[in-house]
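The sequence shown runs -15 to -1, 1 to 296 under mature numbering (1 follows the signal peptide of the UniProt record, and there is no 0).
Rather than coming from a laboratory, the hints here were simulated on the basis of the structure.
Virtual Cβ for every residue (Gly too), placed ideally from N, Cα, C.
You may find that some hints are simply not true.
Claimed, not checked - Derived DSSO-like pairs: lysine-lysine, alpha-carbon spacing no greater than 30 Å straight-line:
1. 198 / 132
2. 200 / 139
3. 198 / 27
4. 224 / 71
5. 132 / 200
6. 132 / 71
7. 139 / 27
8. 200 / 27
9. 139 / 198
10. 200 / 71
Unchecked claim - Label pairs and their computed distance ranges (CB to CB):
11. 242 / 141: 26 to 32 Å
12. 220 / 140: 41 to 47 Å
13. 9 / 262: 32 to 38 Å
14. 121 / 15: 46 to 52 Å
15. 141 / 262: 41 to 47 Å
16. 220 / 166: 38 to 44 Å
17. 105 / 165: 20 to 26 Å
18. 219 / 142: 43 to 49 Å
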Amino acid sequence: MVILAIALALGLSLSNRSVDYSGAFAMTLGQECNMVCEDPAKNGYSRRSTLMIALDGFRPEFMNDSWREIIPNIHRLAECGSVATKMEPSYPSTTYPNLYTLVTGLYPTIHGVISDYLERDGIAGAFDPRNNPQSLTLQNPGWYNGKPIWQIAKEQGVITGSHSWIGNSVQEQSIGGFNVDPNPHYYVQHNPDIDFHARIQSALNWFTLPSNKAKFVNIYMEEPGNTITQHGVSSDQVKTALEEVDDAIGLFMENLIRDDVTGCFDIVIVSTNGHLDVSCENTTYFDSVLILFLTLACPGTSLTKTYPSNV
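Generate coordinates for the entire structure from the input sequences, incorporating the hints supplied.
Structure below.
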């Protein structure tokens, strides 16, 4: 049985799908679940394999029935698995702190990725994966604390892979006189130009190698978060973005159906953080609230702007 755990943050019809997507898995929506694992020892799946996919900005409302036709593959996985009603993201509730929390189990203040943009003494360049994802600076181990799941699994003899996940391509470190490679066995550093189908295909390749098959792979997809940020939660563009990620997930499942190994995999879909629509009509300026508070609490108090001398 494929298990789906959708961790949700407060964050079209099949005819519009791409040419290499048939909709075979989505078409089973509403039918009896029959996840099979034919001859697992022969197929190399004596131990279940796990695919973890992070969808940026995936909201809990997307699991409502009104979204079934837009993301039928995700709904089918939920139908045959389990769904969390919500998730409380770590603080700050932005993409990269939460991505690294998901693979380390640590708060951002512990694992070190406390923002989507960082500068740190002793490290040349800035940590800015959103705007400069191919920067060699991101490979500096000084940004990251704790052990991600792929490193822990690797130490236990489990073959792992990672695509587009922050921290998956870090330089080797010397610890106790030994060189330690903290990366998964197979990895691709984040590159937004690599489409979701190609990322899924990489995972399929790693899972189906003739030897040294991956048993755990995680993939990050920037949607629907990127589109929500640009166009808002309720925009038509968001529906298209959701189709794209659902299409890629469906493509993965169709390959499992073809090989009769859907029951040999656990599929875990998580979200980084959520989004809400805001408008200029619903804006409160902090200065006005602070002045009102000071006026009520301390009559006669005045505000003076001060600037640190070392900035």
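- residue 121 versus residue 15 beta-carbon gap, inside 46 to 52 Å or not: Holds, since residue 121 and residue 15 (Cβ atoms, about 49 Å apart) stay within the stated range.
- Query: Is residue 198 within 30 Å of residue 132, Cα to Cα?
  - Reply: holds, 22 Å
- Could you tell me whether the CB distance from residue 220 to residue 166 stays inside 38 to 44 Å? Given range 38 to 44 Å: holds, Cβ gap about 43 Å.
- Query: Can the restraint linking residue 132 and residue 200 be considered satisfied, given a maximum Cα separation of 30 Å?
  - Reply: holds, 18 Å
- Message: Can you confirm whether the C-alpha distance between residue 200 and residue 27 stays at or below 30 Å?
- Response: Holds. Residue 200 to residue 27 sits at ~15 Å (cutoff 30 Å).
- Between residue 200 and residue 139, is the straight-line Cα distance small enough, at 30 Å or below? holds, 10 Å
- Query: Would you say the C-beta atoms of residue 105 and residue 165 sit inside 20 to 26 Å of each other?
  - Reply: holds, 21 Å
- Message: Does residue 71 sit within 30 Å of residue 224, going by the straight-line distance between their CA atoms?
- Response: holds, 21 Å
- Given the hinted pair residue 139 and residue 27, is their alpha-carbon gap at most 30 Å? The given pair, whose Cα atoms are some 23 Å apart, holds under the 30 Å limit.
- Message: Given a hint of 43 to 49 Å, does the C-beta separation of residue 219 and residue 142 actually sit inside it?
- Response: About 47 Å separates the Cβ atoms of residue 219 and residue 142, which means 43 to 49 Å holds.
- Task: For the pair supplied as a hint, residue 200 and residue 71, confirm whether the alpha-carbon distance does not exceed 30 Å.
- Result: Cα-Cα ~27 Å, so holds.
- Task: Check the following: the C-beta atoms of residue 242 and residue 141 are separated by a distance inside 26 to 32 Å.
- Result: holds, 30 Å
Violation of the numbered hints given earlier is absent; every hint is satisfied by the structure.
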